[in-house]
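Each protein sequence line maps, in turn, to chains A and B. For the first sequence, my numbering begins at 1 and goes up steadily by one. For the second sequence, my numbering begins at 114 and goes up steadily by one.
Hints should not be assumed to be uniformly reliable.
[To be verified] Cross-link-like lysine-lysine pairs, in silico, DSS-like; alpha carbons within 30 angstroms at most:
#	chain 1	residue 1	chain 2	residue 2
1	B	K196	A	K100
2	A	K71	B	K170
3	A	K100	A	K59
4	B	K122	A	K110
5	B	K170	A	K3
6	A	K100	B	K184
In case anyone wonders, no lab produced these hints; they're calculated from the structure.
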Amino acid sequence: SQKIEQNSEALNIQEGKTATLTCNYTNYSPAYLQWYRQDPGRGPVFLLLIRENEKEKRKERLKVTFDTTLKQSLFHITASQPADSATYLCALDSTGGGNKLTFGTGTQLKVEL
Amino acid sequence: DGGITQSPKYLFRKEGQNVTLSCEQNLNHDAMYWYRQDPGQGLRLIYYSQIVNDFQKGDIAEGYSVSREKKESFPLTVTSAQKNPTAFYLCASKGSGMNTGELFFGEGSRLTVL
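Could you build the full structure based on these sequences and the hints that come with them?
Next comes the structure, spelled out in structure tokens:
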């Protein structure tokens, strides 16, 4: 069966360090992968999209990698700040047509002073 | 400002009652989606619509119904047939011609069955 796995345990790091979150998937052949941020009680907000032919994508302090051989994406936040504390979700297109995104359960990140 | 508006934000329902959640967007997006989120679970797709007057079932459509009579609106009805309706419901939209585009989400509606 198809699965998208994110670490269900919260990740606690100190301010200024790099946070690394993992998204693993099985039985998918996604053309792209997306990352979203979700704050408590709010809707997710899009952060980054990376395509299957891209190894790495950056946006300000964010970096995403995509390894289709390992079936894994890593999401990095450098110089983390308390304001980065949130739940981060990865999402894959499960149909190939871009019309049906399937989400992982998300990983909660807590950045401490 | 352009965006997606969901209402109500909080809703309480007695067992056996149908409720309708509203979702309106002014982004001129063709595609709209309804997801359900439960604690410790990812977002699960209920229904989606790629164009007016057309919609498809998602992974957990049983007990739900939708309509898409206008491009801007995609209401979700939670019927009494839904066995466990208490959840956080999220509506989203996506621009047309962008089959790899991002989803824009509303702020969600939290439904509690008493």
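Hints violated by the structure (numbers, ascending): Of the numbered hints, all hold.
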